[in-house]
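With the hints as extra help, turn the sequences into a complete structure.
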Amino acid sequence: MVKIALIGAGKMGLSHLSILGAHPKVEIVGVCDTSKMVVQVLERYSGYKCFSDYLKMADESRPDAVVVAVPTKYHFPMVKELLNRGIHIFTEKPFCLNPEESKELTELAKKVGVVNQVGYHNKFVGTFQEVKRLINAGSIGEITHFQGEAYGPVVVKKKSDTWRSDPSEGGGCLMDYASHVIDLINDIISPIESCKGSILKSIYSKSVDDSVYALVESKSGVSGLISVNWSDETYRKMSTSISIMGTNGKIESDANELKVFFKGDKFPTGYSKGWNVKYVTDLTEEVDFYLRGEEYSAQIDYFIKAVLGEKNNVINTFESAWKTDKSISLIKEQSSK
Amino acid sequence: MERIIFGDNQFFAVNHISDEKSRAQSIKFKDDSAIIKTLDIAIAAGVNTFMCTTHDRIANICEIIRKDPTKYKDFKIYPCMPYAHKYANAVTELGIAGTLKQYVPGNFVGSLLKGGVAYLSKDYISIMELLIDAEMKMFKGINTPVIFLQNVITDLLLGLGMTDFLLGFAKHVREKYNAEPGFITMNLPKLLDTLEKAEFKNPIICTSINKVNFRMSGGKDLYEKTLREGRCRVIAMQVLGGGAIPAGEALEYVSNLPNVESILFGASSRQNIENTVDTIRYHDQKRRTGLTSI
Chain A
1 MVKIALIGAG KMGLSHLSIL GAHPKVEIVG VCDTSKMVVQ VLERYSGYKC
51 FSDYLKMADE SRPDAVVVAV PTKYHFPMVK ELLNRGIHIF TEKPFCLNPE
101 ESKELTELAK KVGVVNQVGY HNKFVGTFQE VKRLINAGSI GEITHFQGEA
151 YGPVVVKKKS DTWRSDPSEG GGCLMDYASH VIDLINDIIS PIESCKGSIL
201 KSIYSKSVDD SVYALVESKS GVSGLISVNW SDETYRKMST SISIMGTNGK
251 IESDANELKV FFKGDKFPTG YSKGWNVKYV TDLTEEVDFY LRGEEYSAQI
301 DYFIKAVLGE KNNVINTFES AWKTDKSISL IKEQSSK
Chain B
1001 MERIIFGDNQ FFAVNHISDE KSRAQSIKFK DDSAIIKTLD IAIAAGVNTF
1051 MCTTHDRIAN ICEIIRKDPT KYKDFKIYPC MPYAHKYANA VTELGIAGTL
1101 KQYVPGNFVG SLLKGGVAYL SKDYISIMEL LIDAEMKMFK GINTPVIFLQ
1151 NVITDLLLGL GMTDFLLGFA KHVREKYNAE PGFITMNLPK LLDTLEKAEF
1201 KNPIICTSIN KVNFRMSGGK DLYEKTLREG RCRVIAMQVL GGGAIPAGEA
1251 LEYVSNLPNV ESILFGASSR QNIENTVDTI RYHDQKRRTG LTSI
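Just so you know, the sequences run in chain order A and B.
If you read the first sequence in the numbering used here, its first letter stands for residue 1, the second for the next number, and so on.
If you read the second sequence in the numbering used here, its first letter stands for residue 1001, the second for the next number, and so on.
Check before you lean on any hint, since a few could be wrong.
[Unchecked claim] PhoX-like cross-link-like pairs, simulated, lysine-lysine; straight-line CA separation at most 20 Å:
{"#": "1", "chain 1": "B", "residue 1": "K1021", "chain 2": "A", "residue 2": "K11"}
{"#": "2", "chain 1": "B", "residue 1": "K1101", "chain 2": "B", "residue 2": "K1086"}
{"#": "3", "chain 1": "B", "residue 1": "K1021", "chain 2": "A", "residue 2": "K237"}
{"#": "4", "chain 1": "A", "residue 1": "K158", "chain 2": "B", "residue 2": "K1021"}
{"#": "5", "chain 1": "A", "residue 1": "K36", "chain 2": "B", "residue 2": "K1176"}
{"#": "6", "chain 1": "B", "residue 1": "K1190", "chain 2": "A", "residue 2": "K25"}
The hints are simulated quantities; they were obtained by calculation from the structure and are not laboratory data.
Structure below.
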């Protein structure tokens, strides 16, 4: 059994808590939140021991691992304190407000030797996993260009401020939304290490960007476009997609559908020349408890297994999220030049 | 419950395998008249139950149905609440307390938050009842014999161990709406065990059941075993496995499973609606004649 505590019972936190609550190898030893109402409900109806001070919780409940689901600006101080207590950490994305903080936490986690994971759930989506497999096998030849996109209806009118609309708390489309696309590209192709031009545009928000357009290049020298807009209400929910052009073919994928085109007679088993279409339903392993997408359960299960020593802690490590924070920061800097 | 129930995913651009198809659906069903036309096709095919989420647009559909009581006299709606995106978006913007303040009628939540009201555990069940009433407003005057809790909420509460809210939902639906409570879930075996432990026997459960193990948490074998035991009244949904299985094969599988009381399906075209209904009826008929000949 893994003793787990949660900090931050908001939308993501409650979702993680429910998945953890259903996990046969998890014992929830504490929940920390600043909302009295949330705490009352969790104490009364779920029977969890609740706290308003996360350090008190860490010291009293003695968790093996903690899930951190608070606004981004708190990730750094909280995760640092928890690492110093030798606790395994799963934290929400984006990792930190800047790559300096991410670097410090990455190094500290390595030094302490605990399992460290960040909640970039797309890495657990079947279609994107298959894209990575195809790219690693070199199946579309030399990669020449990519395009990463995400659209959705988060901010579709001028509205009241929350932490997501405050740049100093980690709000904005680049940090919150585009980070998913950047992280996927960094993982599948290679980390974005230069930005040739970028536009961060506010549409409805007063102080943060609602869309991000950037021309970038990866460490491996592949050029790419990032186009992300969270103020697009023609999408019912977030839709993330990537296309990758290669000398032998092309891949187009979103979280539901994977389309691959092979030019010539060389293609992997299960594929053929020309267009191939595969669905996430064919590429996804069932989970033991489903809440809102297999990937959310799968990432938590992976974390638990890593803590138990049943899996290697290699997906969504602090180090990979630090690279993503570096790419985010490049795009941000370029936009103000 | 009727053997075949018509669903609403196609009307609201919910497609589990293709964003392109979902876009095409949202164009096709832009006008309410397109939804009504499709419902009428389903009714003509003999399907009189419509299971739908409490989406704002359903309020317009209810209005049309209320205006024509003769035409829709046998028509039933199974509301599924809440329309989760509405609340999810509100939580992102307003937080959990802010969302409750916005959607719970009256000043109840406001005074609770200020701490002016002494905390009583039943207050939270009352908040849920007020939310149910708000969602049910649009169905006034319409026959709603079964009322469902959407899977994202059922399963969230299930994982959080908040069985009291599941029971509270059931109680309120029975007492106030004289309807049967139903639960949509992606976790049939776990939900059923939990409800039975709370002395809730033979619940109505709508759950993903298909040949390819799609969204059947715990696995197909466990689902088939659970069905054989006949411990609940099941509506099978996502029978096409999100589109992964050819329709004929998918319907043959689900039609022949024991203790599946109803099959839920959604389709946009006359041909698909009629074919689906005919295929289920064909397998039902075949099974019945097979049984009588034994």
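Here is how each hint holds up against the structure:
1. Restraint check for K1021 of chain B and K11 of chain A: the C-alpha separation of about 29 Å exceeds 20 Å, so the hint is violated.
2. Note on K1101 of chain B and K1086 of chain B: the hinted pairing holds, with a Cα-Cα distance of about 14 Å set against a maximum of 20 Å.
3. With a C-alpha separation of about 14 Å, the suggested pair K1021 of chain B and K237 of chain A falls inside the 20 Å cut-off, and the hint holds.
4. Between the alpha carbons of K158 of chain A and K1021 of chain B the distance comes to roughly 30 Å, so the proposed pair goes past 20 Å and is violated.
5. Pair hint K36 of chain A plus K1176 of chain B does not hold up; C-alpha atoms about 30 Å apart against a cutoff of 20 Å.
6. Restraint check: the Cα-Cα separation between K1190 of chain B and K25 of chain A comes to about 15 Å, which is no more than 20 Å; the hinted pair holds.
Of the numbered hints stated above, those contradicted by the structure are hints 1, 4 and 5, listed in ascending order.
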